[in-house]
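Please arrange chain B on chain A, whose structure you already have, making use of the hints.
Protein chains: 2
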Amino acid sequence: MLQILKHARLVSGQVCGPSIRCLAPAASPRVTAGMQASAAHYSTGSAESEHGTGPRRHVILLGTALGVGTVMALGLYQNLHVSQAKEKAALMPSSSDAEMPVKAIESVAVTELPIYTEAEVAKHRTPSDKIWVSYKGGVYDITAFVELHPGGDKILLAAGGALEPFWAMYAVHNNEHVLEILEEYRIGRLDQSSVTAASLDLSDPYSTDPARLPILRINSLKPFNAEPPSQLLADTYLTPNAIFFKRNHLPVPVIDPETYRLEVQGLGMKRPISLSLHDLKSKFKKHEVVATLQCAGNRRTEMNRVRQVKGLEWGIAAIGTARWGGVLLRDVLLYAGVKEDQLPQNGHVQFEGLDKDVTGSAYGASVPLHKALDRRADVLLAYEMNGEELPRDHGFPLRAIVPGIVGARNVKWLGRVLLSHDESLSHWQQNDYKGFSPSVDWDTVDYKTAPAIQELPVQSAITEPVDGTELTENADEVTVRGYAWSGGGRSVVRVDVSLDGGRTWQTAELLPPSNDSAPQDEGRAWAWKLWSLTAPIPNGQRSLEIVCKAVDSAYNVQPDSFAPIWNLRGVLATAWHRVNVKVPSDEKK
Amino acid sequence: MLQILKHARLVSGQVCGPSIRCLAPAASPRVTAGMQASAAHYSTGSAESEHGTGPRRHVILLGTALGVGTVMALGLYQNLHVSQAKEKAALMPSSSDAEMPVKAIESVAVTELPIYTEAEVAKHRTPSDKIWVSYKGGVYDITAFVELHPGGDKILLAAGGALEPFWAMYAVHNNEHVLEILEEYRIGRLDQSSVTAASLDLSDPYSTDPARLPILRINSLKPFNAEPPSQLLADTYLTPNAIFFKRNHLPVPVIDPETYRLEVQGLGMKRPISLSLHDLKSKFKKHEVVATLQCAGNRRTEMNRVRQVKGLEWGIAAIGTARWGGVLLRDVLLYAGVKEDQLPQNGHVQFEGLDKDVTGSAYGASVPLHKALDRRADVLLAYEMNGEELPRDHGFPLRAIVPGIVGARNVKWLGRVLLSHDESLSHWQQNDYKGFSPSVDWDTVDYKTAPAIQELPVQSAITEPVDGTELTENADEVTVRGYAWSGGGRSVVRVDVSLDGGRTWQTAELLPPSNDSAPQDEGRAWAWKLWSLTAPIPNGQRSLEIVCKAVDSAYNVQPDSFAPIWNLRGVLATAWHRVNVKVPSDEKK
Chain A
807 MLQILKHARL VSGQVCGPSI RCLAPAASPR VTAGMQASAA HYSTGSAESE
857 HGTGPRRHVI LLGTALGVGT VMALGLYQNL HVSQAKEKAA LMPSSSDAEM
907 PVKAIESVAV TELPIYTEAE VAKHRTPSDK IWVSYKGGVY DITAFVELHP
957 GGDKILLAAG GALEPFWAMY AVHNNEHVLE ILEEYRIGRL DQSSVTAASL
1007 DLSDPYSTDP ARLPILRINS LKPFNAEPPS QLLADTYLTP NAIFFKRNHL
1057 PVPVIDPETY RLEVQGLGMK RPISLSLHDL KSKFKKHEVV ATLQCAGNRR
1107 TEMNRVRQVK GLEWGIAAIG TARWGGVLLR DVLLYAGVKE DQLPQNGHVQ
1157 FEGLDKDVTG SAYGASVPLH KALDRRADVL LAYEMNGEEL PRDHGFPLRA
1207 IVPGIVGARN VKWLGRVLLS HDESLSHWQQ NDYKGFSPSV DWDTVDYKTA
1257 PAIQELPVQS AITEPVDGTE LTENADEVTV RGYAWSGGGR SVVRVDVSLD
1307 GGRTWQTAEL LPPSNDSAPQ DEGRAWAWKL WSLTAPIPNG QRSLEIVCKA
1357 VDSAYNVQPD SFAPIWNLRG VLATAWHRVN VKVPSDEKK
Chain B
807 MLQILKHARL VSGQVCGPSI RCLAPAASPR VTAGMQASAA HYSTGSAESE
857 HGTGPRRHVI LLGTALGVGT VMALGLYQNL HVSQAKEKAA LMPSSSDAEM
907 PVKAIESVAV TELPIYTEAE VAKHRTPSDK IWVSYKGGVY DITAFVELHP
957 GGDKILLAAG GALEPFWAMY AVHNNEHVLE ILEEYRIGRL DQSSVTAASL
1007 DLSDPYSTDP ARLPILRINS LKPFNAEPPS QLLADTYLTP NAIFFKRNHL
1057 PVPVIDPETY RLEVQGLGMK RPISLSLHDL KSKFKKHEVV ATLQCAGNRR
1107 TEMNRVRQVK GLEWGIAAIG TARWGGVLLR DVLLYAGVKE DQLPQNGHVQ
1157 FEGLDKDVTG SAYGASVPLH KALDRRADVL LAYEMNGEEL PRDHGFPLRA
1207 IVPGIVGARN VKWLGRVLLS HDESLSHWQQ NDYKGFSPSV DWDTVDYKTA
1257 PAIQELPVQS AITEPVDGTE LTENADEVTV RGYAWSGGGR SVVRVDVSLD
1307 GGRTWQTAEL LPPSNDSAPQ DEGRAWAWKL WSLTAPIPNG QRSLEIVCKA
1357 VDSAYNVQPD SFAPIWNLRG VLATAWHRVN VKVPSDEKK
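Sequence lines, in order, name chains A and B.
If you count by my numbering, then the first sequence holds residues 807 to 1395, one letter each, in order.
If you count by my numbering, then the second sequence holds residues 807 to 1395, one letter each, in order.
Chain A on its own, in the form it takes in the complex (with noise of 0.2 angstroms):
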């Protein structure tokens, strides 16, 4: 039975803490068969677990990197887009154009072609393996389509897998000439039974986890933790939904939306009381709220560098945007007869999600409870997520929304809301997601003596130029696109950009607000801000050393350097971003 608690651990990712003591073998041929197994099934990403061994306890990678090489940054910029599409419409091949090797098809019924699998489609990711998408059914060879995309190289993004996620987040694809355009590559049908579990292999506790997109850098398959390729990120306010960061700590529950029951109890209420999906959704006015989550560990990787940390290799991405609907957490304990004045100034909400480890211990955090009954707090139970219904990874049917708190106290598949005059008593709360000081090691520290991780600190990152990339020839200016975001409902104030290593700055524009931009109301700026920067490259420099940092409104800034915020976790990794880049040559200029 130890020896499944441990495995349980193991397979949920969890940090093994001075409580934990992780004494199973380094590789259980179980875990790291199914690991691979499912690895091959996904084509792509790495499958990554770590525990500790003895006091030391050392990392140990039980995984292998399988190979994300498709997912390169090229270094197009949005704001080319337009007139390369322009350009480029002339050399699209029309319907009408009889040398199209694809036109051969065209004279074949779409019911008469062969029907492939989502893994079959998977298969073909480059040029030499041709390229393959899947759209509403259809399967397309794109090879002979991607040096006319109008959006570059970013098509490959979709290489093996779904375009639909691509276009929700691209509408210029909305429209016939789009839809006329690829009908020309159609190859195929999808066996629309293959899109759905992964596997059906009954003792895999994973085995009903939803799909995903095979673009997304898996950081972990068990529990899955992936985060969406970096220069996606700042191309839409809103992350689309697919694309979105997942960060599971265990299997996804299956769950019956019709017998789904929250139960809400604790401080203030007379008794329990249980609410179906139904319930929530008619007895209670439905809330909008637009707002940011980031997991704790976004950008460990650069923290790494410094020295080696425990926690999933997250890059730059594990943070997204999305306009969140439900009830107001605030609406429902009223209803439930909590009388505001009668609360401890100091109380805690606790939020229990269904997904549990093979124990029967369910996933939990809590938050503080004065945010809970704060109108200004827009603390929601959550049934939808970009006005679609509540995808299963981000916690279907229902999940926490606590606007500008980590996203680990945003509890997934929510069975329980508990007032108490207690946090959580669950590992994430007590031992896990707390920041401490450089000098603190796996042999020293002691949970009790940091708080947990609540509002996050200000945050930027450049998602374009990618780090390690060449510039476009000929360009005399470059263009700096990223992110910014602080926790708490602080607003960002200012992006300082510096192509020189931090020496001299520049300030970014903030990206005016569209249609899809949260409200900014003062102390509920729960969002991230965009930004953009084009300034001309320094004569004859060779390569850049771009750096972002980010102000908040209560003018807190990113600390310079990563070394003196380490921490053993890997949290909290907000120092400067800074990423390098070639500039072509003059000969090639």
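One or more of the hints may lead you astray.
Identical chains blur together in the list; that is why a pair holds if it fits in one copy or across any two.
Listed below are the simulated DSSO-like cross-link pairs for lysine-lysine, each with C-alpha atoms no more than 27 angstroms apart in a straight line [unchecked claim]:
no., residue 1, residue 2
1, K1145, K1092
2, K1087, K1145
3, K1145, K1091
4, K1076, K1087
5, K1116, K936
In case anyone wonders, no lab produced these hints; they're calculated from the structure.
For chain B alone, kept in the frame of chain A given last:
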């Protein structure tokens, strides 16, 4: 008239931004003469003003540093006092010790002793001039006692002035035995009429300013801006009123508490209301808040070392903590008929002072309206400071206290409260107290592009040892002490201290709350935390570069260095605090 206005701007120490062209001559004879005269009267402090001339707006110092040499740090640690006191008690002169020169005076009746003015006492601040102090109408020559003082050389901080504020801070003095010792050093009586106003020059708008202690480090005499010696700051949790930093923008107004009225008007009120001081004290429940106030320019001196900024040369002590007593602004607004849910989400509370420049313009500032209405925000109209009537320098008879917000919005001598859709239109809200990028200079600054500073970022500083001093001989360890605070009610959760310039870190002890401590409700941590670290001095080290940095409850951190947060006005100086000290050589050890 224009010339008079310019003088007023100069006298009130304002920066000349683009909207105020400063064409007045660099040194107005009237102004400089007045400053020198007053400076001589105070016998200490540096008088300084500043302005720009023409487009380049070079900073010109009108005053000269007059020497604060005796106010020096001496590297003695508070925790040594008790043991030193025990040792030195044996050496103390007793009333039967006939060899002491002061004995001669004992036989003279007190009423026959000479009368000295405050100014005469102030001339005796060094051993060569003799060290005089005053206490409750007596004047004492304590030159011979300095070596015997259990509290060490800190007694020199009182040289030339009154003992009362020090004895209020160091309660150990409040006993018969100490009074007996003091009486042995009596040499005269204090001319009580000399204790009041600085001068009776009626042409000087500052002539009715209150008297201040000579130990204050004066950054500007007119208006009066001064801070205590920094090494006193962490000795008491509540900062004594007499040494609490004073940041005046204009002359201190003379207000008759009997005729004083507070006007309250604006959004949500059918008609303005007018309240007397008696109304405020009798109609509303008294509310007390322990809160730290910090000047936006605290630690400007350090930022100035990177590149010249404009502003008063504050050290690390433009910060202090007091127990403020008064009424909740919320209660007053509800009394005035305001309905919470009928006010705009993004409204403002404008505060207008009764301190005015020669044109009749009052000091003013505003804060977000939702703060004023939030029970948890503890926004006060305060008439008490540390249990005493609000001192004139701190806003008698009434001031705004907006906990967690920059000092400049805590308007003193409050005359009017106005609920509005708009921020205060005052110079200080619109064209001062804002943060900018290091790339913005006086030729390019546009004040509209930055938000008014409200909540302040996380801050900390080392109060002992003092920069440039030598550690005690024979010491194997060093004790580092200081303060840490963050704005917006965010508590300080950790202070890191480095003895090697920031390469390695140790976690300081956050001093346990005393009876004076503020309640630290979640999100309502309005007051600072004092901290301490005692650590071994690394073997063979001849010098230490001691650094501190704090972390707040949103895990915001201080930036590593000043250059990247440099701004033309020198505000928000929150980079790591560094002090360099010498370690006595082995021979001396």
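A quick look at each hint next to the structure:
In this homomeric assembly, K1145 and K1092 come within 27 angstroms of each other (Cα to Cα) both inside a single copy, at 22 angstroms, and across copies, at 24 angstroms. For the homomeric pair K1087 and K1145, the shortest alpha-carbon distance inside one copy (23 angstroms) is at most 27 angstroms, but the shortest distance between copies (30 angstroms) is not. Taking CA atoms no more than 27 angstroms apart as the test, K1145 paired with K1091 passes in both settings, with 19 angstroms inside one copy and 23 angstroms between copies. Taking identical chains as interchangeable, the C-alpha atoms of K1076 and K1087 lie at most 27 angstroms apart only when both belong to the same chain, with a minimum of 24 angstroms there against 40 angstroms between chains.
Taking CA atoms no more than 27 angstroms apart as the test, K1116 paired with K936 passes in neither setting, with 38 angstroms inside one copy and 64 angstroms between copies.
Hint check: a violation occurs at hint 5 only; the rest are consistent with the structure.
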